[in-house]
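Undergrad: Listed below, chain by chain, are the residues.
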Amino acid sequence: MVLLSRRKKATIDPDILALSKIVGTKSILHHKEDLLSYDCDGFTIHKAMPKAVIFPKNTEEVSAAVKYCASHNIPFLARGAGTGLSGGAIPLNNEVIISLVKMKNLLSVDYENRKAVVQPGFVNLKLTNSISHKGYYYAPDPSSQYVCTIGGNVAENAGGAHCLKYGVTTNHILGLEVVLPDGEVIEISPNGVLDTPGYDILGILTGSEGTLGIVTKITVRILKNPESKKTVLAYFDRVEDGSHAVSDIISAGIIPAALEMMDQTAIEGVEAGAFPVGHPPDIEALLLIEVDGITEGIAEQIEQILTVCENHHVRDVKVARDEEERGRWWANRKTGFGAMGAISPDYLVQDGVIPRSKLPEVLKEIRNISKEYNLRIANIFHAGDGNLHPLILFDSRIEGETEKALLAGTACLKACADAGGSITGEHGVGIEKKEEMRFIFSDEELEAQTSIRDVFNPHNLLNQGKLFPTPSRCMDIKKVVNETSLTKST
Amino acid sequence: MDELLIEGPLTELANRFGNITPHIRYPETEDEVAMILQEANKNGKKLAIVSGGTKLGYGGIKPNYDFTLSLKKLTGIVEHTAGDMTVTVKPGTTMQNLQQFLKQHNQMVPLDPAHSSASTIGGVVSANESGPKRLKYGAARDHVIGMRIVYPDGKIIRTGGKVVKNVAGYDMNKLFIGAMGTLGVITEITLKLRPLPKHSSTVTLSVQEDALNDLKSFIIRIQDSTIEPVSLELINPTLSKSLFHKDEYHLIIALEDVKKAVLFQEDWIDENKPTEAMMNVLEQPEDFWTRFNELTPNSQNDFHDTTSGVMKVGTANMGVFPLLQECDRLNLEGNVQILAHAGVGHGLSTIIVSGQPENVVQWIRYIQAFSEEYGGYGIVKHLPFELREQLEVWGQQKGSFSLMRGIKQKIDPKNTLNEQRFIGGI
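Keeping their order, the protein sequence lines are chains A and B.
Remember, the numbering used here sits 94 above the position in the first sequence when you count from 1.
Remember, the numbering used here sits 8 above the position in the second sequence when you count from 1.
FYI, nobody ran anything at the bench for these hints, they're computed from the structure.
Check before you lean on any hint, since a few could be wrong.
As the list claims (entries may be wrong) - Restricting the straight-line Cα-Cα distance to at most 30 Å, the calculated cross-link-like pairs of lysine-lysine (DSSO-like) are: (1) A/K228 with B/K144; (2) B/K144 with A/K323; (3) B/K111 with B/K70; (4) A/K196 with A/K126.
Claimed, not checked - If the Cβ cut is set under 10 Å, some of the chain A residues that face chain B in the computed set are: (5) A112; (6) K115; (7) L219; (8) L274; (9) S322; (10) K324; (11) D342; (12) G478; (13) D479; (14) T518; (15) K527; (16) S536.
Ideal Cβ placement from N, Cα and C applies to all residues, glycine included.
Using the sequences plus the hints, can you model the full thing?
TA: And the structure:
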């Protein structure tokens with residue numbers, strides 16, 4: 095990151111001066127060329143310029159900056175690593191961006207009581223890496239975990255491949271320190287004690303996409319590594335067989351730690367990407383299944399899984415021989431979105447959820463959408479919990495194709511909503527799916543939610559224009575830049 | 009929709025515990041709930057909400073309400089798709105009936121709160137109740153994925169959805185879980201399910217007080233080891249006496265997995281347990297847990313002459329050791345009896361204080377202060393009305409209280425529902 099050390103020239107904007115006093119002149123960006131990389135996050139279709147970006151070093155600075163913005167009617171928002179896929183950190187209203195990347199420390203680990211305290215800018219995977227020598231880990235594992243921050247995870251209630259068994263971020267947050275939109279600092283269950291009396295403020299803040307407060311300290315639950323992990327890879331000639339195998343594994347009373355699926359187009363992408371593993375190009379679906387727990391109990395579950403796959407005409411099924419092979423299979427899966435860049439100039443990631451039992455029919459519907467819009471759609475998804483990620487492949491250089499891709503994405507979400515599902519399982523609503531909120535919520539239900547926002551954020555200066563539909567739809571479509579470079583950066 | 013006026017026992021119940029009135033209305037549909045609320049809200053009436061009626065002694069310092077709305081007739085399964093591992097149920101359904109229904113499909117709601125035969129899913133969710141299995145499975149807040157709520161003005165709001173993973177909009181479920189019925193009336197709940205364990209076992213280890221530190225070290229070893237207990241419940245000697253006829257500390261370890269893995273864990277415990285500990289693998293674990301489930305008095309069964317108060321205390325996981333030891337010290341003081349069990353892996357303890365009313369109040373207050381000193385809290389889950397008035401049953405209010413008051417004012421500005429039932433009189 096380039097900070098403002100080379101420019102000493104005073105600025106005439108009094109807000110910039112005031113904010114510089116709070117965070118220091120080396121911790122503020124306000125020249126246009128420095129602000130360019132903050133005009134969007136992982137959702138690159140919409141861009142807007144911030145007024146400034148500040149990098150507070152502690153809670154007091156966050157609070158002081160927020161107080162300044164609030165009293166001067168300046169819109170502001172918080173940002174972590176900027177990997178969000180729904181546009182939650184895009185400064186639609188020329189916001190002051192409060193970047194939390196300098197608040198990146200692991201403050202404490204308490205193994206006896208199974209908790210850790212981190213600052214919001216602490217990177218997700220670093221937590222697991224910091225405690226793995228004692229056999230512990232932090233469970234939520236979004237694909238971007240090597241770069242995304244835990245503060246961002248709280249804002250988005252991030253999930254990941256392993257949340258089928260272990261739950262999403264909200265199930266692992268024990269306490270928070272929060273700067274409210276008026277600058278007041280509150281602590282909720284600072285000692286990480288469960289069920290603090292009163293309404294579940296932790297629960298409502300988690301997943302509020304940065305619209306209710308700015309998290310400055312997080313107490314999380316840490317878990318002990320399971321004794322054993324076994325990973326199975328299964329290839330199916332027909333996508334229906336793969337879908338039915340998913341249902342039967344769950345019905346057999348097995349809760350795999352992860353149960354992932356990819357279709358033929360997705361396989362083409364990951365095999366052309368940075369981590370190919372040699373999946374056959376002519377299968378319609380593959381399943382990546384991981385079971386973990388006590389060694390003595392694993393073999394029996396693997397046997398059952400293999401039987402289920404065979405009952406559904408699996409072409410080939412194998413168990414990872416060692417950690418190296420398991421790691422390669424997972425690298426291939428976790429970099430799946432970015433790998434689409436190898437087979438398409440641009441792509442759009444969607445994030446619908448459906449009841450697991452509706453998998454075959456919704457996949458069929460997505461194939462119809464693909465035909466209707468004449469765009470290829472790859473499917474990479476968390477099959478175990480019905481969380482689909484249709485990746486719509488397009489070429490923004492072709493006139494009108496970006497618009498078409500957006501419409502196809504909306505159609506996929508409509509299909510999920512119509513099947514009794516949701517429009518987002520882990521990426522959040524942001525600005526991307528604001529309008530699609532109407533697929534699942536009535537006006538009264540949306541109003542019930544915005545009235546809660548009014549309690550926390552009455553002047554709506556914090557992250558304005560996110561999460562909820564606006565009366566009239568206005569979309570500024572710009573070029574999609576794929577995230578390949580980001581995803582390959584490890 | 010019946011409208012009943014019952015005298016006699018109900019009046020007695022109302023007098024003893026509050027949070028209910030002799031005048032009760034029993035809506036049979038969500039629309040009827042909406043009608044009742046809309047009208048009450050318009051006319052400034054104050055309602056008490058009740059479901060199974062086991063928690064009348066839990067919170068609440070308002071002496072009377074205009075009438076009570078009971079969810080007793082809103083019962084039954086609305087929808088169950090075995091393959092999706094979700095169930096939608098009406099709030100008045102008892103935990104036992106819900107679990108029995110799911111058992112036919114080899115599934116369960118992984119919640120084991122007290123009084124499962126009388127307590128209802130609506131009440132359990134409204135109080136965010138959990139039991140010993142919370143260590144592995146979590147609480148109501150971890151399992152509820154969607155609800156239908158009638159707001160105080162009668163409008164019907166859906167929160168969450170019917171899929172197991174969902175981040176669309178605010179996680180509104182969380183507002184109503186544990187809100188003690190102060191924000192809306194729950195008319196439908198959708199929960200995530202788990203498969204019934206293929207095998208289960210319950211192991212007890214007993215030690216005398218002087219070996220309690222060894223037991224603590226052993227628990228830390230369990231946590232650092234690869235075994236995965238479903239519960240680690242520590243029982244104080246007074247309670248052990250009534251459960252096991254033995255005046256010692258007991259650690260109850262529940263195990264659930266495929267048989268081989270359960271047996272492996274039993275062996276591991278046997279090999280690694282403290283030398284002073286006596287180990288016992290229960291022969292009838294289900295009978296034990298049924299008895300355990302009915303340990304605490306509740307407002308449906310507590311009409312004894314002795315006064316009993318039930319507390320829920322939250323501390324850090326290992327904070328349960330000083331807490332239980334303190335309880336035993338108080339037992340020696342002699343003027344109350346204290347039974348206690350504590351979840352070592354999650355830090356939630358249940359403490360039953362029995363004796364003369366003034367002593368019960370005195371020691372509840374003491375345990376509250378003790379818990380707060382250790383960075384936790386102590387709330388009163390069950391106590392007669394007149395004694396609740398003498399206490400802060402929800403403990404100290406914290407920094408986020410102004411937000412809580414703001415939420416109550418926003419959703420229920422006229423205080424139509426369960427007024428003064430919850431923390432800080434909200």
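Undergrad: If a hint holds in the structure, say so; if it does not, say that too.
TA: Going down the list of hints, with the structure as the test:
1. A/K228 with B/K144: This hinted pair holds, its Cα atoms lying about 20 Å apart.
2. B/K144 with A/K323: It holds: about 18 Å lies between the C-alpha atoms, which stays within 30 Å.
3. B/K111 with B/K70: violated, 40 Å
4. A/K196 with A/K126: holds, 21 Å
5. A112: This interface hint is violated because 27 Å lies over the 10 Å limit.
6. K115: violated, 27 Å
7. L219: For A/L219, the interface hint is violated, since the closest Cβ of chain B sits about 21 Å away, which is over 10 Å.
8. L274: holds, 8 Å
9. S322: holds, 8 Å
10. K324: The hint is violated - A/K324 has no Cβ within 10 Å of chain B, the shortest such distance being about 13 Å.
11. D342: holds, 9 Å
12. G478: Holds, because the Cβ-Cβ distance from A/G478 to chain B comes to roughly 9 Å (cut-off 10 Å).
13. D479: OK, holds: A/D479 within 10 Å of chain B, min 5 Å.
14. T518: Holds: closest Cβ of chain B sits about 5 Å from A/T518, inside 10 Å.
15. K527: The hint holds - A/K527 has a Cβ within 10 Å of chain B, the shortest such distance being about 8 Å.
16. S536: Check passed: Cβ of A/S536 comes within 8 Å of chain B, closer than 10 Å.
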